[in-house]
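Visitor: Read off the chains here:
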Amino acid sequence: EDDEEEEQQQQQQQPQVERMGEAAEVQARQREVAGLLQHGKHREAVKAALQNPPLGSHDQAVKDMNTEVVLNAICSASDSEIDKIVADLYHNSSPDLCDTLVKYIYKGLADRKYCGVLLKWHASAVNMAGLGPVVRAMTDRKTV
Amino acid sequence: SSSSSSSGSGSSGRSSSAPAAGRARAAPRPSAKMANTLKPYLDCIRTTLTAAMCVRNFPSQIVERHNKPEVEVRGNRELILNPLTVSRNENEMCLIEPSINSVRVSIRIKQADEIEEILTRMFSRFLMQRAEQFVILRRKPMANFDLSFLITHKHLEDMWKHKLVDFVITFMEDIDKEINGMKIAINTRARIVAYEYIQQFA
Numbered sequence: 020e021d022d023e024e025e026e027q028q029q030q031q032q033q034p035q036v037e038r039m040g041e042a043a044e045v046q047a048r049q050r051e052v053a054g055l056l057q058h059g060k061h062r063e064a065v066k067a068a069l070q071n072p073p074l075g076s077h078d079q080a081v082k083d084m085n086t087e088v089v090l091n092a093i094c095s096a097s098d099s100e101i102d103k104i105v106a107d108l109y110h111n112s113s114p115d116l117c118d119t120l121v122k123y124i125y126k127g128l129a130d131r132k133y134c135g136v137l138l139k140w141h142a143s144a145v146n147m148a149g150l151g152p153v154v155r156a157m158t159d160r161k162t163v
Numbered sequence: 006s007s008s009s010s011s012s013g014s015g016s017s018g019r020s021s022s023a024p025a026a027g028r029a030r031a032a033p034r035p036s037a038k039m040a041n042t043l044k045p046y047l048d049c050i051r052t053t054l055t056a057a058m059c060v061r062n063f064p065s066q067i068v069e070r071h072n073k074p075e076v077e078v079r080g081n082r083e084l085i086l087n088p089l090t091v092s093r094n095e096n097e098m099c100l101i102e103p104s105i106n107s108v109r110v111s112i113r114i115k116q117a118d119e120i121e122e123i124l125t126r127m128f129s130r131f132l133m134q135r136a137e138q139f140v141i142l143r144r145k146p147m148a149n150f151d152l153s154f155l156i157t158h159k160h161l162e163d164m165w166k167h168k169l170v171d172f173v174i175t176f177m178e179d180i181d182k183e184i185n186g187m188k189i190a191i192n193t194r195a196r197i198v199a200y201e202y203i204q205q206f207a
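First to last, the sequence lines map onto chains Z and A.
Residue numbers for the first sequence follow this note's numbering, so the first one is 20 and each next one is one higher.
Residue numbers for the second sequence follow this note's numbering, so the first one is 6 and each next one is one higher.
Hints are computed from structural coordinates only; laboratory data are not their basis.
Even for Gly, the Cβ is constructed at its ideal location relative to N, Cα and C.
All clues stand as given, with none of them false.
Computed beta-carbon distance windows for the label pairs: (1) A/Asp118 / Z/Ala43: 46 to 52 angstroms; (2) Z/Glu44 / A/Asn192: 53 to 59 angstroms; (3) Z/Ala47 / A/Met147: 36 to 42 angstroms; (4) A/Arg70 / Z/Pro114: 39 to 45 angstroms; (5) Z/Thr162 / A/Glu95: 19 to 25 angstroms; (6) Z/Leu150 / A/Asp179: 23 to 29 angstroms; (7) Z/Leu74 / A/Ala195: 53 to 59 angstroms; (8) A/Glu137 / Z/Gln70: 50 to 56 angstroms.
Using the sequences and the hints given, assemble the complete structure.
Guide: See the structure below:
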């Protein structure tokens, strides 16, 4: 019984450690993306912002921070670059990144921020990757 | 609202014969920026709806022999999918809530001023009272929205999915145009009435 209690305590402590780890990760990503954007490297910035999203995290603040980072990266790209970046994401990187991109597009649209830009990104992403990412945004239990 | 629109069209016939009544002041035209977001907005809704309307028959798990739209019942979390919002700006949005056997689509129509608010309310009330004929319309809109559709697997068995999606998109376009048209008719009629009234003091 003592062992079980210890395990439970460890499990309670673990989420706290995980949360601190997630927040630190998001902040590191924020710095990385800000750096890339300063150099004008939009494609790398978007790719870096979409890595390892805090899916299913219990901490809303961490999720919001990551959303900020991603939307910043997405909205700073100019219109002509959108198609190229999405094509690059779809063909060269893992397909997870396209799914994450579409999830963040819907998150941004739900908050009613940057609507015009996000609608363009959405059209481009669906053109490239089809309806799959949309369906996965609907069905994935672990939301962004 | 049907009576106001028919008398509005009657009076606009008279306005053309009264030049001094002035040209009907058109509703403020959407700026190029606004008009530019309409097509991407509707395209986004079209793809999201096409993805969301994958429903099948799923009888109720709780009550025997009952078949309820799970998006309305919301009894079991595993049967409901994540809701998606598509918004054009702060005031216009479309909330799509899918589930295993039904989809609920709620739209908020652009309402620039009080007259448009009143018109939207009356027009949507008119439609919602006739929800039975409409088939997919919900009698009450969701909170913060103007109009809601409820599309169940039964509707998709009877109707084509792409046609249903086309219908919802055309509906959203037409309702904007109708409310604009009604507002123009109201303004025209009000101007004529005021003109005729002031005439007697002229």
